[in-house]
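So the sequence lines, in the order shown, correspond to chains A and B. Here the first sequence stands for residues 169 to 628, where the numbers follow the numbering used here. Here the second sequence stands for residues 169 to 628, where the numbers follow the numbering used here.
Incorrect hints may appear among the rest.
The list makes no distinction among identical chains, and a pair is therefore deemed to hold if it is satisfied within one copy or across any two copies.
[As the list claims (entries may be wrong)] Dumping the calculated DSS-like pairs for lysine-lysine here, alpha-carbon to alpha-carbon at most 25 Å: (1) K208 <-> K330; (2) K330 <-> K553; (3) K197 <-> K330; (4) K549 <-> K330; (5) K303 <-> K413.
To be clear, the hints were calculated from the coordinates, so they are not data collected in a lab.
There are 2 protein chains.
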Amino acid sequence: MKKLIVIMLCFGFSALNVVQAQTDQDVIKSIYNNSLTQGKSYDWLNYLSNQIGGRLSGSVNAQQAVEWTKEEMEKLGFDKVWLQPVMVPKWVRGGKEYAYIESSSGKSTTVNICALGSSVATPSLGIKAPVVEVKTFDDLARIGKDSIAGKIVFFNRPMNPKFIETFNAYSDANDQRTKGAREASKYGAVGVIVRSLNLRLDDFPHTGNMSYGDLPDNQKIPAAAISTNDAELLSTMLSLDKDLKFYFKQNCRQLDDVQSYNVVGQITGSEFPNEYIVVGGHLDSWDLADGSHDDGAGCMQSMDVLRLLKISGIKPKHSIRVVLFMNEENGLRGGTKYAELAKQNNEKHIFALESDSGGFTPRGFSFDCTDEQFEKIIAWKPLFKPYLIHYFEQGHSGADVGRLKNGTTVLAGLSPDSQRYFDYHHAANDTFDAVDKRELELGAATMASMVYLIDKYGTN
Amino acid sequence: MKKLIVIMLCFGFSALNVVQAQTDQDVIKSIYNNSLTQGKSYDWLNYLSNQIGGRLSGSVNAQQAVEWTKEEMEKLGFDKVWLQPVMVPKWVRGGKEYAYIESSSGKSTTVNICALGSSVATPSLGIKAPVVEVKTFDDLARIGKDSIAGKIVFFNRPMNPKFIETFNAYSDANDQRTKGAREASKYGAVGVIVRSLNLRLDDFPHTGNMSYGDLPDNQKIPAAAISTNDAELLSTMLSLDKDLKFYFKQNCRQLDDVQSYNVVGQITGSEFPNEYIVVGGHLDSWDLADGSHDDGAGCMQSMDVLRLLKISGIKPKHSIRVVLFMNEENGLRGGTKYAELAKQNNEKHIFALESDSGGFTPRGFSFDCTDEQFEKIIAWKPLFKPYLIHYFEQGHSGADVGRLKNGTTVLAGLSPDSQRYFDYHHAANDTFDAVDKRELELGAATMASMVYLIDKYGTN
Chain A
169 MKKLIVIMLC
179 FGFSALNVVQ
189 AQTDQDVIKS
199 IYNNSLTQGK
209 SYDWLNYLSN
219 QIGGRLSGSV
229 NAQQAVEWTK
239 EEMEKLGFDK
249 VWLQPVMVPK
259 WVRGGKEYAY
269 IESSSGKSTT
279 VNICALGSSV
289 ATPSLGIKAP
299 VVEVKTFDDL
309 ARIGKDSIAG
319 KIVFFNRPMN
329 PKFIETFNAY
339 SDANDQRTKG
349 AREASKYGAV
359 GVIVRSLNLR
369 LDDFPHTGNM
379 SYGDLPDNQK
389 IPAAAISTND
399 AELLSTMLSL
409 DKDLKFYFKQ
419 NCRQLDDVQS
429 YNVVGQITGS
439 EFPNEYIVVG
449 GHLDSWDLAD
459 GSHDDGAGCM
469 QSMDVLRLLK
479 ISGIKPKHSI
489 RVVLFMNEEN
499 GLRGGTKYAE
509 LAKQNNEKHI
519 FALESDSGGF
529 TPRGFSFDCT
539 DEQFEKIIAW
549 KPLFKPYLIH
559 YFEQGHSGAD
569 VGRLKNGTTV
579 LAGLSPDSQR
589 YFDYHHAAND
599 TFDAVDKREL
609 ELGAATMASM
619 VYLIDKYGTN
Chain B
169 MKKLIVIMLC
179 FGFSALNVVQ
189 AQTDQDVIKS
199 IYNNSLTQGK
209 SYDWLNYLSN
219 QIGGRLSGSV
229 NAQQAVEWTK
239 EEMEKLGFDK
249 VWLQPVMVPK
259 WVRGGKEYAY
269 IESSSGKSTT
279 VNICALGSSV
289 ATPSLGIKAP
299 VVEVKTFDDL
309 ARIGKDSIAG
319 KIVFFNRPMN
329 PKFIETFNAY
339 SDANDQRTKG
349 AREASKYGAV
359 GVIVRSLNLR
369 LDDFPHTGNM
379 SYGDLPDNQK
389 IPAAAISTND
399 AELLSTMLSL
409 DKDLKFYFKQ
419 NCRQLDDVQS
429 YNVVGQITGS
439 EFPNEYIVVG
449 GHLDSWDLAD
459 GSHDDGAGCM
469 QSMDVLRLLK
479 ISGIKPKHSI
489 RVVLFMNEEN
499 GLRGGTKYAE
509 LAKQNNEKHI
519 FALESDSGGF
529 TPRGFSFDCT
539 DEQFEKIIAW
549 KPLFKPYLIH
559 YFEQGHSGAD
569 VGRLKNGTTV
579 LAGLSPDSQR
589 YFDYHHAAND
599 TFDAVDKREL
609 ELGAATMASM
619 VYLIDKYGTN
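Just need the whole structure built from these sequences, with the hints factored in.
What follows is the structure, encoded as structure tokens:
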């Protein structure tokens, strides 16, 4: 007994002190300090972006990213790292697109376009046709089939700058991109050109997925995005010369589905190993750039969340998983597969957090949960004040974790500052140099801190 | 009477409705909408940065900026626009600096340096000397005169990444730059090289002002900043070869003071024309770049505050002034002069707001005021929530408006997101392309909204 007391005096008391001293404030401070001084997200992103590059689903790069992230997670000593097989669509861009405006006097001006994801190609010699400019699908109905048939429909409704959160401006404008071709085809259009979803005026065309819905193959018309500067140019030229023609050529193709994978790493929980907390982003990207913000940033942050918990000495009660979802951009097959398997295996998920809004300064979170759950979570808000995290709102979570929605799992999305996101989104300038190290690291720390609290206190 | 009623029915009621409908929420929404759809700050900044450029006090560019901003304000139809003469120091960099590290085996490696503002030149052939690396002034005392005399002191204490607000990391590190030469000289050093105040590792040396205090001329030693990458290199090389030498050459000179100006524009108040609200930034910049963030942004935002109030139909009760202060960087003469004249002319200032922390997404304000005043102001915080403005704290206001401090005037600084500021601060990359249009415009709207509320409700 005396010996025990001596041992306690030597070791026990100090251990006790450590435990007592580790308030939530202290733990969160240590998570932020660790991210800002020894974070890995930025170095990893450098590798992913500059050594692997763009990672369109089904591409060699996407497969390399799967293998590399799995290896990195194994090196981190997680309890379990594995791949979840999932078949993904494979769309390829082919050669670079080409387009010009031809005035009725025959003078031509080249413009910057790119095929929209999932679009069909033009005929091999391209398409040249007169242009009808519209802002909405109602415009199509108003103008009518007689005036649209045989022409290229030019969707030119700018993102609305009045929205403070730019994702709202995106939602408000993206029907042109996602459904423009489908709608224009019904009026006999031969192609569509869509103003890039970019709040800035510049020369980058922004790709992104589109869908023909249930349109039969022979009614699928090619769809391309045009840079905002060139959209302005085309509109101005049209107002002066309504008989001008637009030419474009693209060689994209939809191939057969191919095998790919979600990458999953896990720290197994000490008390509730069969209850899961997920943190993730999507590993695929578009092909025009290396996808540093969309969503290399979210993937690398998510990997670092587990590492930050480890190096901050946190032993989670629940099993914490990082999931790098495949194919968010043009299919959402990875998110769908993960949710399917979770259900099939009866895995109880208490929380799933996605980072897919760019690696910018974190402002907070958006939660998809019940009012009671939100009330519990919002009580933690003061813990985040020193880190200038103030945005706790109920709303959308994220496309991939959204597949886990079941009324009990709390779903959430990291909400970074959104002002610059659409400057880069799906365009050739979404590259590593557009990411700031501290902003990325603050995001990882913010995510890790929320995971720490959820793990400690639960969601109900 | 009947006629009056008819007139009221025709005009009065609608006018009444407008007035009633114009809640503070509505007015603030219209200010933000106007800034985001027809703001001028970004176009102006393009002109100031790309047509005029860097504006070091006493330079031709600084004078051009004075003339151009005065003209622009006159075009805006302010009630009064004038120049406030102020004598400013004129320091010139001369030819580009040159520096290398010479190993004891004679191999040399060039590195990126720039003279610190107000520094003396090296002798015309430069200085070559052994190097003593230190982190603090205490290190100097510990190492002692015998080991320092005849050497170059290399201050290499990095900005501390653990500070969430980077301005705190700046305050924590900048004694090396401002007082390093003065302190090292006391130990017989022949020059100082200071690690750039930059949280990032890159190749840009960051200038900024230093002072010799009351050191006699013959004890003034030249001081230069070295890029963070080269500071790391020098430190590593020193650890391997403590006998290496450092060579640098700079040709800067302090000339006689020259005439310059603050630029002031005013909308005269309808009820309290002799009570003033000031909004401003500093028009001078360092010379290595065009000073887009520091502080072209703040100047252009401040000019647009008055314009936004006008186009949003707000007729202020107090006189609102935009003041573009001259010489914040190396003398603060403009701010001092403005305060001097305000006192001399018995001008009652109720509020002065400065934007001098970069054109990044606004997060809120820092207020230097009494607790009672702060209590009144913080009650308006909910009005800013839709614009994701949440930071209302008591603290520092700004260097220029700080000169107005008298215990009754509320002083404030706009607090933008600070994560990227020191990537650009005083370096060759502080250029127009580093400024985001929306972030700049949101800042101008946030400032205008606060000015609107202060004007309407006062500060007491």
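Against the structure, the hints come out as follows:
Taking the closest pair of Cα atoms, K208 and K330 come within 25 Å of each other only across two copies (15 Å); inside a single copy the shortest separation is 36 Å, beyond that limit. For the identical chains of this complex, K330 and K553 are inter-copy neighbours only, at 15 Å across copies versus 28 Å inside a copy, given an alpha-carbon limit of 25 Å. Only between protomers do K197 and K330 lie at most 25 Å apart by alpha-carbon distance; the minimum there is 9 Å, versus 36 Å within a single protomer. For the homomeric pair K549 and K330, the shortest alpha-carbon distance between copies (20 Å) is at most 25 Å, but the shortest distance inside one copy (28 Å) is not.
Taking the closest pair of Cα atoms, K303 and K413 come within 25 Å of each other only inside a single copy of the chain (19 Å); across copies the shortest separation is 67 Å, beyond that limit.
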